[in-house]
Amino acid sequence: MRDILSDVERWQREGESIALATVVQTWGSSPRKVGSQMALTVNGKITGSVSGGCVENAVFEAGVESLKTKRPQLLHFGVADETAWEVGLACGGSIDIFVNLLDSNFFQALHSIIKEETPAVHVTVIRGSDEILGCELLITEDGVIAGSTGNEWRDAVLKPGKEALLQGLSRRAVLSESVEVFLDAMLPPPTLVIVGGVHIAIGLAALAKTLGYRTILVDPRKTWGNEERFPNVDELIQLWIPDAFGKIKVTRSTAIAMLTHDPKLDDPALKIALPSPAFYVGALGSKSTHAKRRERLLNDGITEPQLSRLHAPIGLDIGAQTPEEIALAIMSEVVNAHRKQNQPSVKNEAKPVASR
Numbered sequence: 330m331r332d333i334l335s336d337v338e339r340w341q342r343e344g345e346s347i348a349l350a351t352v353v354q355t356w357g358s359s360p361r362k363v364g365s366q367m368a369l370t371v372n373g374k375i376t377g378s379v380s381g382g383c384v385e386n387a388v389f390e391a392g393v394e395s396l397k398t399k400r401p402q403l404l405h406f407g408v409a410d411e412t413a414w415e416v417g418l419a420c421g422g423s424i425d426i427f428v429n430l431l432d433s434n435f436f437q438a439l440h441s442i443i444k445e446e447t448p449a450v451h452v453t454v455i456r457g458s459d460e461i462l463g464c465e466l467l468i469t470e471d472g473v474i475a476g477s478t479g480n481e482w483r484d485a486v487l488k489p490g491k492e493a494l495l496q497g498l499s500r501r502a503v504l505s506e507s508v509e510v511f512l513d514a515m516l517p518p519p520t521l522v523i524v525g526g527v528h529i530a531i532g533l534a535a536l537a538k539t540l541g542y543r544t545i546l547v548d549p550r551k552t553w554g555n556e557e558r559f560p561n562v563d564e565l566i567q568l569w570i571p572d573a574f575g576k577i578k579v580t581r582s583t584a585i586a587m588l589t590h591d592p593k594l595d596d597p598a599l600k601i602a603l604p605s606p607a608f609y610v611g612a613l614g615s616k617s618t619h620a621k622r623r624e625r626l627l628n629d630g631i632t633e634p635q636l637s638r639l640h641a642p643i644g645l646d647i648g649a650q651t652p653e654e655i656a657l658a659i660m661s662e663v664v665n666a667h668r669k670q671n672q673p674s675v676k677n678e679a680k681p682v683a684s685r
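So for the sequence shown, our numbering puts the first residue at 330; every next one is plus one.
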């Protein structure tokens, strides 16, 4: 939703009726991942993509039909190997897409969650009776905050919804023989917090930006952390660590890298970062430096399980020597940790339940 949010928001202001198509499952070589979305209107406005072009027209037609009949649809498309290249698939595959009507009130809650970067799961009933088909819930760590699936299914949806949020994985879930939901895990975009405006940080910030990470540089030393050295970071915080981290919302989508080599900066940041939900925490320094750091942190109340989260010495072992190579090693380790965090722990056993 994040990449089509502005268009949908504008269409709503213009009074358009909007249908939202969402990829709920793929098999084979579908070019768009689960959770990808496309919004459309009756008069031909389209934003986003559900297939990279190969089934967009059919989905648009289904969306217009749903807008006219006021009824959601679960679509299934399959492409044989011999025709796959013609429609944009690498070697054949299939895709399930759910077309729903955009509810204005629910969209406002969804909009707030996205803007505030609050982790949440968007639950949609994709198979069920006419009364509940297309019903939606928005679940955060605090529970249901918007929408309804009817009292009968509210509790049944909470457990798989919380699991999807914890895992950060979008998937289908079967609640009964006749009811199935799609759980769309909505996590904030990954953010890299860099503590210390050293030379390595210049290359690291640039590389993170290229990979789509939001970048924050923290350094109270204005000689090191200034706009001239870091013109392209998303946020530059020139405050001491407690005050700086008071301005940062650390989530499961946050990585934190300590690069100062100065215990007066790195240690306070680590004492905040290690107990946090950040998916990655790393610190620059040799093995001997880390051994001394470890002793200091344990004496200051950091636990062994918390310390076990720390990547130190920081970065993958690629034989890096230059600041730019070290930045590459660090970013490689960050990406690896992020991808491992989002790997499914179990196979999705859902089967196609409808076709078009």
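Hints were generated in silico from the structure; no laboratory data involved.
Backbone N, C-alpha and C fix where the C-beta goes; we use that ideal spot for every residue, glycine too.
Fair warning: there could be bad hints in the mix.
To be verified - Straight-line C-alpha distance at most 30 Å; calculated DSS-like pairs for lysine-lysine: (1) 669 x 600; (2) 488 x 578; (3) 538 x 578; (4) 444 x 669; (5) 578 x 362.
Unchecked claim - Have a look at the derived ranges for each label pair, beta carbon to beta carbon: (6) 569 x 400: 53 to 59 Å; (7) 387 x 331: 34 to 40 Å; (8) 440 x 470: 16 to 22 Å; (9) 374 x 627: 55 to 61 Å; (10) 400 x 441: 25 to 31 Å.
Checked hints:
Distance hint between residue 669 and residue 600 is fulfilled; the C-alpha atoms sit about 24 Å from each other, no more than 30 Å. Taking the CA atoms of residue 488 and residue 578, the gap is about 26 Å. The hint holds against a cut of 30 Å. The hinted pair formed by residue 538 and residue 578 meets the criterion: a straight-line CA distance of about 18 Å does not exceed 30 Å. Among the hinted pairs, residue 444 with residue 669 is consistent with the structure: their alpha-carbon atoms are about 26 Å apart, no more than 30 Å.
The hinted pair formed by residue 578 and residue 362 meets the criterion: a straight-line CA distance of about 27 Å does not exceed 30 Å. Restraint check, residue 569 to residue 400: a C-beta distance of roughly 58 Å satisfies the suggested window 53 to 59 Å. Take residue 387 and residue 331: their Cβ atoms lie about 25 Å apart, and the range 34 to 40 Å is violated. For residue 440 and residue 470, the hinted distance range of 16 to 22 Å is satisfied, since their beta carbons lie about 19 Å from each other.
Range check, residue 374 to residue 627: Cβ separation about 59 Å, and the 55 to 61 Å hint holds. Roughly 28 Å separates the CB atoms of residue 400 and residue 441, a value that falls within the hinted 25 to 31 Å.
The structure is inconsistent with hint 7 alone, although it conforms to all the rest.
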